[in-house]
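> Given next are the chains, with one letter for each unit.
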Amino acid sequence: MEVFDTIIQISDSAVRLAIPLLLACLAGLFSERGGIFDIGLEGKMLAAAFLSAGVAAATGNVWLGLFAGIAVSVVLALIHGVASITFRGDQLISGVAINFLAAGLTVVIGQAWFGLGGRTPALPGDGRFSNLEWPVADALKDVPVLGPVYSELISGHTFLVYVALLIVPLSWYVLFRTRFGLRLRAVGENPGAVDTAGISVVKLRYSAVIICGVLCGLAGAYLSTGLAAGFVKDMSAGRGFIALAALIFAKWRPVQALMACLLFGLLEAIANRYQSIEIGALEIPVQFMQALPYILTVVILAGFIGKAIPPKAGGEPYVKER
Amino acid sequence: MQKLPKWADIVLIPLINLLLAFLVSGLVILAIGKDPIVAIQTMIDGAFGSTTGLGYTLYYATNFMFTGLAVSVAFQARIFNIGGEGQALLGGLGVALVCLSIDWPHWLVALPAAAIGGAVFGAAWAFIPAYLQAKRGSHIVITTIMFNFIAASLIGFLLADLLKVPGSMDPATANFPPGAHLPTFNDIFALFGLDVFKHAPVNVSFFVALFCAFGFWVLIWHTRLGFAMRAFGQSERGAQYAGISPLKITVIAMLISGALAGMMAINNVMGESERLILNATEGAGFIGIAVALMGRSHPIGVILASILFGFLYQGGAELSLWEGIPRELVTVIQGLVILFTGALDGMVRRPLENLFLILRKPTKNGAV
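So the protein lines, in turn, are chains A and B.
The working numbering applies: residue 1 is where the first sequence begins, and numbers increase by one.
The working numbering applies: residue 1001 is where the second sequence begins, and numbers increase by one.
None of these hints come from the bench; they were simulated from the model.
Hints may contain errors.
Derived CB-CB ranges, DEER-like [as the list claims (entries may be wrong)]:
id	chain 1	residue 1	chain 2	residue 2	range
1	B	I1188	A	I309	52 to 60 angstroms
2	A	R179	B	Q1234	50 to 58 angstroms
3	B	V1011	A	S130	55 to 63 angstroms
4	B	D1161	A	L78	27 to 35 angstroms
5	A	K312	B	S1245	23 to 31 angstroms
6	B	D1103	A	K312	51 to 59 angstroms
7	B	L1304	A	L282	50 to 58 angstroms
8	B	S1245	A	I309	20 to 28 angstroms
9	A	T86	B	I1010	54 to 62 angstroms
10	B	S1320	A	V143	31 to 39 angstroms
11	A	L170	B	Q1234	29 to 37 angstroms
12	B	G1026	A	K320	35 to 43 angstroms
13	A	K141	B	D1035	57 to 65 angstroms
14	A	T86	B	V1011	54 to 62 angstroms
Rough simulated footprint, nothing fancy, chain B against chain A, three-plus residues with beta-carbon under 8 angstroms [said to hold, decoys possible]:
id	stretch
15	83–96
16	108–116
17	241–253
This structure is a prediction, so every number in the text was calculated from the model and none was measured.
We put the beta carbon where it would ideally sit given N, CA and C, even for glycine.
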């Protein structure tokens, strides 16, 4: 029974840890399907985490925090859009710039605002998203096997967790079953064809970038008001890059993105719980677990296990023919 | 047709971009309720006001010259090596292993050996992404980002488990033997009876960095290989048609790039901490990107941009000490420099091009 409890606990924390990855990963999915590479997921997430926690701490209202987080993330996404769509700059360089801007500004503004060395005050009850208890979760707790699965694993997460999980089928529907989705995918593969059909490449790409901003905003808000109770410096801790890795792992598809993020969340949960894992005589150091998502991504990218092919026009600014 | 005169491309545009970055930084300082003028005075005073401050500025600049040259050399072949950080971390491992291997008799012997150690480890770390890009088509930007994280985990593991001093809790290697101590500027000037650059970590690696910049210039503009790299950067297909192998050029450019990033370790690991510690690079690998963009991938530009960022780094430390502005302000400036010189370059360039076209027209008509 003890083993079972441990498994439940680890799975539970794996889900919690997978959510920010998932939201950021879906953000990247929309952007990259639309032909805009985005290595600034990390920065947008960090900025959103900061402003969500800051506004929630200042007003005591987590919803205002959430909207502030989304707003700042969309602003950064628009900077990326202006640089890479309007001025046809290098999308990778723009993403790098946004990461640095967010890493610096969150601390500089945080220090001026709260004077706590770049962190926000710990959020009180109303300043963060509380866990939603599902009906009769408490009563079922003692039912063997299914009880803990229902009351711990399925019930008792914050609102944003369920939102994130719902966004997965929604993204699939939007991308693969709507006109907008078809056009968005087309603009990432062959913008010239989309343009010829009389549809604005610029508008489509901007909408991709804005969706990306909104989702990164959710991811960041979840980090500081759902997963933790407040913002600390550099709290995104490379999650934006793991999300990017998950995106490649999922080969730019939403449902697979969920799987990849759950896998990487599980790795993080295990690494958090154990300092090292012994399998027989072999001892796996915790650093290896931390590096595993990155190693797996390189292996996938190298095409040794299935080939990951990014959207064809990704990273290329579109120049209208005259 | 050349739209812009050369001087405008090399001097005017970077200057305007830099001014824009500083302007926005000034607004940030204003927004947090501080005085930008006082801030810049504090920074200049802290970075250039004393020989100690100058020593720190040049020490940071040395790091950035290595990483800036590393990013630049790959840029020449139109390859974006974002993995300088990881390569520099691995370079630190190489330098540490060399320094700890024997009891070095003199730094003149230890320095070249350590430099080779750092270069080999850095180059090896760059080789895998380069090979995967050229041979398997995996995007080098993504793989080098991943390799930065893998490098950090690897070094963390080695320092926590294998390389640390037995019995110590500190995740760091043993101190290097005295024979591996590089003369600092303070040591050098003491020979002439001058007591300057006191306590500053700037050391002979500074000259090694300058030499590398010179080597960069020779390589890129005066050798066959450099020509092949530039040709590949300008047009991959054209270069291929001329018989230049993309695999070879990608791998060679990345090996040189990784070697330069790895050599940074003679400054920060061998010259300053004199042992390998966690996070020894302190983000210098990423600053290399800003330096390369700012310096237009030219050695002179890289040297100047490195000194600028050395100033920002040292001045930023003083700012946090005296003005209560966190040194992360430097990260903001760094981000703005990358944004304006790299991504938003077209915002300044296009209007300027139009301006120069308008200015040029009358003379053209006159000639006809």
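> All hints, please: hold or fail.
Quick rundown of the hints versus the structure:
1. The hinted range of 52 to 60 angstroms is satisfied by I1188/B and I309/A, whose Cβ atoms lie roughly 55 angstroms apart.
2. Range check, R179/A to Q1234/B: Cβ separation about 40 angstroms, and the 50 to 58 angstroms hint is violated.
3. Hint check: V1011/B to S130/A, Cβ distance near 58 angstroms, so the stated range 55 to 63 angstroms holds.
4. With their beta carbons about 45 angstroms apart, D1161/B and L78/A fall outside the hinted range of 27 to 35 angstroms.
5. For the pair K312/A and S1245/B, the supplied restraint of 23 to 31 angstroms holds, since their beta-carbon distance comes to about 25 angstroms.
6. A C-beta distance of roughly 58 angstroms is found between D1103/B and K312/A, which places it inside the suggested range of 51 to 59 angstroms.
7. In this structure, L1304/B and L282/A meet the distance hint of 50 to 58 angstroms, their C-beta atoms being roughly 51 angstroms apart.
8. Between S1245/B and I309/A the CB atoms are about 24 angstroms apart, so this pair conforms to the stated range of 20 to 28 angstroms.
9. Range check, T86/A to I1010/B: Cβ separation about 25 angstroms, and the 54 to 62 angstroms hint is violated.
10. Between S1320/B and V143/A the Cβ separation comes to about 56 angstroms, which falls outside the hinted range of 31 to 39 angstroms.
11. Distance hint for L170/A and Q1234/B: a CB-CB separation of about 44 angstroms, inconsistent with the stated range 29 to 37 angstroms.
12. Look at G1026/B against K320/A: about 37 angstroms separates their beta carbons, and that is inside 35 to 43 angstroms.
13. Range check, K141/A to D1035/B: about 59 angstroms between beta-carbon atoms, so the 57 to 65 angstroms window is met.
14. In this structure the hint that T86/A and V1011/B lie 54 to 62 angstroms apart at CB is violated, the actual value being about 26 angstroms.
15. Interface restraint, the stretch 83–96 of chain A with chain B: holds (11 residues with C-beta to C-beta distance below 8 angstroms; minimum three).
16. For a cut-off of 8 angstroms, the count of residues in the stretch 108–116 of chain A with a CB near a CB of chain B stands at 4, and the three-residue condition holds.
17. Figure legend: the stretch 241–253 of chain A, annotated as covered by chain B; annotation consistent (4 residues with Cβ-Cβ distances under 8 angstroms, at least 3 required).
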